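Each protein sequence line maps, in turn, to chains B and C.
Numbered per this note's numbering, the first sequence spans residues 19 to 98.
Numbered per this note's numbering, the second sequence spans residues 2 to 282.
Hints in this document: simulated from the structure, not taken from any laboratory.
In this text the structure is predicted, and so the values were computed from the model without any measurement.
For every residue, glycine included, the Cβ atom is placed at its ideal position computed from N, Cα and C.
Each hint should be verified, as a subset may be incorrect.
Each pair of labels, with its calculated beta carbon distance range [said to hold, decoys possible]:
1. C/Lys146 - B/Leu52: 29 to 39 Å
2. B/Arg40 - C/Thr220: 49 to 59 Å
3. B/Gly56 - C/Glu5: 27 to 37 Å
4. C/Thr255 - B/Trp86: 20 to 30 Å
With a Cα cut of at most 20 Å, we get these calculated DMTMM-like pairs of lysine to aspartate or glutamate [what the hints assert, rightly or not]:
5. C/Lys269 - B/Glu75
6. B/Lys45 - B/Asp72
7. C/Lys269 - B/Glu88
8. C/Lys130 - B/Asp69
9. C/Lys269 - B/Asp69
10. C/Lys269 - C/Glu79
11. C/Lys269 - B/Glu57
12. C/Lys130 - B/Glu75
13. B/Lys45 - C/Glu252
14. C/Lys130 - B/Asp72
15. C/Lys269 - B/Asp29
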Amino acid sequence: MAAERFIIRGDLGAATFLPWVRRHMGKLGLTGELGQSGEALVELRVEGPPDLIDALEMGVSLGPIEAWVESIERAPLNSL
Amino acid sequence: MTSEAIRNEWYPVALASQLGPEGRDTRLLGEPIRVDWAAQGRPRVRAADGREMATRLRYGHIWACPGTPSRELFDIPEADQPGRRLVDVGVVRVKCSPLRAVENFLDIAHFPFVHTDILGAEPHTEVGKYDVAIREEVDEVWATKVHFYQPQAAKSAAGGITTEYMYRVPAPTVSILYKTCPPRPGEWDVITLFVQPLEENLCEVWPWMALFDDETPMTDLIHFQQTIFLQDRSILENQLPRLLPLDPGMEIPTRADLTSVAYRRWLKRRGYTYGAQLVAA
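Excised from the complex, chain B in its bound form:
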């Protein structure tokens, strides 16, 4: 198991973005929580198998059609 913080940047103001991220995490069986969020930046803390955290990054980089994810910065966390 691994724990990471994602800093997601882009055009994230669409109302659908955060629920979409939560659903995608659930689909992958990951646990975690959303931290600070705004129209240009969303912080996400996530825990689960490293391969599935990689898959979350790939899924979120596409995101829902209404949002544009410019970049995702990842950093390891000791624990959630």
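Put chain C on the given structure of chain B with help from the hints.
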């Protein structure tokens, strides 16, 4: 009515060597068009109302832009390199989204399962790590350092080798593959997929190649590539959803799908949605 982002791109509409004096009636982005030769051997492409489109004759094909070209037709410098054989493979009509056809071409993971004992074979199914980027300076998708074991990488290959690939997407319905060239170390064979979007879920695919291969008869080169693409066609025509989702939808992309993800991101950023599925969140 399609958007300007879609209309301002270049599309292949005919193989020059097969376009006779009678011309060709076909479709582009759901609209009827006519392709023929004007005076002095100039290619001409007209919409149903008679309006002439911007055209180019390049890489063995006639290209048309139904709107105002947002940029010049992409360059393939290898097309002018002495010693290469330029191979017009012909056309394959496929009942699929034009974007699905490009995405399939970018997918290496399917080689051992669809092109068994030609482009791949079990147990060599793992796709190693490779690099993918949207190159901002040229606004193209590039995947590099792709390595894969292939039992017969090309018509000229005598046995199995680990082949290195690069993939390039210079336009939404065009993909170019650069691969290790067995008889000419240091050079890349170029295999392209030019896709003409007839409708959102119907396209004509025109593979074209620029190879260093002086020995293989032309008919064998064409047959080899047609065999590969006909194997892909049955997969493409049964893919669901039929249109290419621009969000992951029900799919769980993995590392092997990095190029596909970059391609979809690039389409999304350009607002290119012809043949795409816009899934409600």
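### Query
Between lysine 269 of chain C and glutamate 57 of chain B, is the straight-line Cα distance small enough, at 20 Å or below?
19 Å, holds
### Message
Holds or violated: lysine 45 of chain B and glutamate 252 of chain C, Cα atoms, limit 20 Å.
### Response
Satisfied, since the Cα-Cα distance of roughly 10 Å is no more than 20 Å.
### Query
Are the Cα atoms of lysine 130 of chain C and glutamate 75 of chain B separated by 20 Å or less?
16 Å, holds
### Message
Hinted pair, alpha-carbon criterion (20 Å max): lysine 269 of chain C, glutamate 75 of chain B. Please report holds or violated.
### Response
Given pair lysine 269 of chain C, glutamate 75 of chain B holds - Cα atoms ~17 Å apart, limit 20 Å.
### Message
Check whether the Cα positions of lysine 130 of chain C and aspartate 69 of chain B lie no farther apart than 20 Å.
### Response
Cα-Cα ~13 Å, so holds.
### Query
Taken at face value, is the distance from the CA of glutamate 88 of chain B to the CA of lysine 269 of chain C at most 20 Å?
12 Å, holds
### Query
Between threonine 255 of chain C and tryptophan 86 of chain B, does the C-beta distance stay in 20 to 30 Å?
For tryptophan 86 of chain B against threonine 255 of chain C, whose Cβ atoms are near 22 Å apart, the range 20 to 30 Å holds.
### Query
Straight-line Cα separation of lysine 45 of chain B and aspartate 72 of chain B no greater than 20 Å?
14 Å, holds
### Query
If you check the beta carbons of lysine 146 of chain C and leucine 52 of chain B, does the distance land in 29 to 39 Å?
For leucine 52 of chain B against lysine 146 of chain C, whose Cβ atoms are near 35 Å apart, the range 29 to 39 Å holds.
### Query
Would the pair lysine 269 of chain C and aspartate 29 of chain B pass a check requiring their Cα atoms to be no farther apart than 20 Å?
Given pair lysine 269 of chain C, aspartate 29 of chain B holds - Cα atoms ~13 Å apart, limit 20 Å.
### Message
Tell me if the straight-line CA distance from lysine 269 of chain C to aspartate 69 of chain B falls inside 20 Å.
### Response
Status violated; Cα separation ~25 Å.
### Message
Next pair to validate is lysine 269 of chain C with glutamate 79 of chain C; report whether the Cα-Cα distance is within 20 Å.
### Response
With a Cα-Cα distance of about 29 Å, the restraint between lysine 269 of chain C and glutamate 79 of chain C is violated, given a limit of 20 Å.
In terms of the numbered hints stated before, the structure departs from hints 9 and 10, listed from lowest to highest.
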